[in-house]
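J.: Each chain, written out:
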Amino acid sequence: MSRVVDIQNLEVTFATDGGDVSAVDNVSLFANAGEVVAIVGESGSGKSVTAKTIIGLLPETAVTRGAILLNGRDVIGLTGEQLRATRGHDAAMVFQEPSTALNPVYTVGWQLAEGLRAHGKYTKRQARAKAIEYLTKVGIPDPEKRVDYYPHQMSGGQKQRVVIAMALALDPELIIADEPTTALDVTVQAEILDLLRHVRDEFGTAIILITHNMGVVADLADRVVVMFEGKVVEQATAQKLFSAPEHPYTQRLLAAVPRIDVSRVRPPIKPAPPVVEAKDLVIEFAGRLGQKSFRAVDGVSFSISPGEVLGLVGESGSGKTTIGRAIGGLTKVTGGSLEVLGHQMLGIKERAFKPVRSEIGFVFQDPASSFNPLLTVAQAVAEPLIVHGRAGDAAAARPRVDELLEAVQLPRAFGDRFPHELSGGQRQRASLARSLALEPTLLIADEPTSALDVSVQARVLELFAELQKEFGFAALFISHDLAVVDMLSDRIAVLYHGRLVEEGTGAQVLGAPQHPYTQRLLASLPVPDPKEQAVRREELRALREAD
Amino acid sequence: MASLTGPRGLINRLPIVHQLRQSVGLQRGMLIAGLVITGLFVLTAILAPLLAPYGYSTLRDEDGVFGAQQPPGGKHLLGTTVGGYDVLSRVIWGTQTALIVIIVAVVLSIFLGVFLGLVSGYIGGWVDRVLVVIADGVYAFPSLLLAIVAAIAISGGQSSFWGGIMAAAISITVVFIPQYFRVIRAETVRIKSEAYVESAMVIGSSAPRIMTQHVLRNATRTLPLIFTLNSSEAVLTLAGLGFLGFGIEPTAAAEWGYDLNKSLSDVTSGIWWTSLFPGLAIVLAVLGITLVGESLNDLADPRLRTRRRADVAPAPTAAASVVPGGSLTDAVDLDSLEARS
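In order, the protein sequence lines correspond to chains P and V. Going by the numbering used here, the first residue of the first sequence is number 1, and it counts up by one from there. Going by the numbering used here, the first residue of the second sequence is number 1, and it counts up by one from there.
To be clear, the hints were calculated from the coordinates, so they are not data collected in a lab. Beta carbons are placed, not taken as given, at the ideal position from N, Cα and C, and that holds for glycine. Heads up, none of these hints are tricks.
Which residues of chain V face chain P? A partial, calculated answer using Cβ under 10 Å:
1. A195
2. Y196
3. V197
4. S199
5. A200
6. M201
7. I203
8. G204
9. S205
10. S206
11. R209
12. Q213
13. H214
14. N218
Excised from the complex, chain P in its bound form (with noise of 0.2 Å):
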């Protein structure tokens, strides 16, 4: 097996305002050709830059030193021509957010053909065949077609496709993919995982694949680097490091990651009348002049007791955030009936719903933008208590805001610091400290966990859990991710195209999945353990044909 990649002792330092950070410590990894290297850690672990160094991405205020082995010949240090020679031929590149990696004014067509003129004399008409060739090659179907259509009239899952095809196009020998299925559901995620082994299997292309997510690791990865703050701490092959993770982090990360449980025991939820009820819900946003509004949530009907815990669970443009939205009153109702705490919402006044708001709280996806930068935490988590006329100012709501920055276990110092000096856990943490301020019957909870690190994620669900049975509020767990729902939830309710397509316990929605589409989204989920997603694998392909 030849060797296509090899790094050895590489660092890489980055200047910044706060002094020097070295981000890349000493890495040493190879990958050969036909082999999926995985390079896995969480955020700031120098996955990325590492990959990045190879066809050197890195920005100017980095300094680089080792040794990085494309194909025999030693890339750092090349400038200009060599490298764009190097960038294509010997490696390429799969960004994580496809619909930002592709150009929109121009077709795809187009941009596959660019980069074959970059690196070889084509006419037009060659390079148009050879678009459509590729555009085959990675399955997009009708590719005669597609291959004038603009970025914007694609899934996202098919431009993911275009993005490889564009990497392929140039038969390289390695390609590096970052993140490369981060920003796609999970049903798309299977089904590019499902190409990228294609690819290895067929062009024997080596493959360094970046991710922060185990099951896809489990599914794709021959071999498995594990990054710790610039370090490799470990590095296995897939089948060794999950059977038997050697290095404390490793076994921590995979700890971490959260599974699906149907034997979890709930205790039963005592009749009462809901806090919400939804029945027939229709929102509908308007569209441009002489287009018709788009129905985000269409007829959907479902309720939450007091102290129960409903996840909804669904792809990205399934209405589940919308759903979100309307009950906090941020979004309007334009049919159907939504009682939130016995107030009517389909056409309610502002002036009527503020008083409720006291009882609603609400966690946002984004810790990183649901703070005000210019506040410090404290003074962010007071402002319900000063709105509501608890207290007068930040000052006087101090011990209240110290309590609670206890109840989610931050230190008291924390309250004095600015968002952007907390990491992601802590602020998501600060946020739930703020939206429980006013002691809510209800919390909304809209994909709180998923901008986290798997590990972080772990700790604030724990948090969450405990939250719930300590204050007893009603909660609406939204998120993409089936495990963690199943996690936290009584209850569940799937959503698919805006309408809600099956609802029950966890046991009865992930045990015995009744509708196709949960069907189809269960088997999706990869799990990190290789042996058992390669049966899930096939399972799911079975389920494929069978539609």
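Got chain P sorted already, so can you dock chain V onto it with the hints?
T.: For chain V alone, coordinates are given in the frame of chain P:
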């Protein structure tokens, strides 16, 4: 993390000082050059009564009349103008006029512009549309023409010291309000969709509270930049008005544009000192303020800001400090925090 408290941290957080410490290389040179020129400009304006050998409208001293178009040297270091004024004194007194016009024009336009932009961006709807159309309308006029019209309307063209200054300042204000309006409105529209504004809404905060607490404080980031750029534009507009004859009478105040106008015929007859020094004064004042503005702009944008190359021996990551309200580049720090949390 620990560097947030203590006097050092506080000094670093002051606007200009913070940027000065942040800058390196050419950007630092530009910023320092701009600060020095601007500092000299302001100092000259304040100390004009002490620095200038004569008053701005003085035509004679105890030895008699100065005489017109006297070459530099002797009693008149930079010569005298065609009207018989001392050039050096006129240039020095001119800084005072320029500074007052800058201050009045910017103060008048900044409050109104920011308020309108905030309301227009936050409330949206027809209020927003009407205001945007008006702002666009003002943009469509050549700004100098607008300033001339305003100057005539306010003072009938010529007037006393304060009358002339207010005429110039207000006419500049008319042109500037739409600029502040636009910038603040754009920021407001962006910030309105940020999660922290939504989280303030679900808490139940009132609209005025959200506007002042959350939107306004975050929307003012670009103000120092427009402030400096507009200041230099104010100098130019004032000079332009003076040059065209809509400025301030020489007996009311010294004004560079007026002096340039009067020296037009001197240029062809080899009398260089009457036009060179007022012209140089305008160029330096504008250059200094623009340099400060441009460097602030570059430093505020992490993509344009240059940094020192990393040293060969990297420092430990834990020593990294963070400046509140500082910059977007904290991302690197956060990532390392993330890993250790």
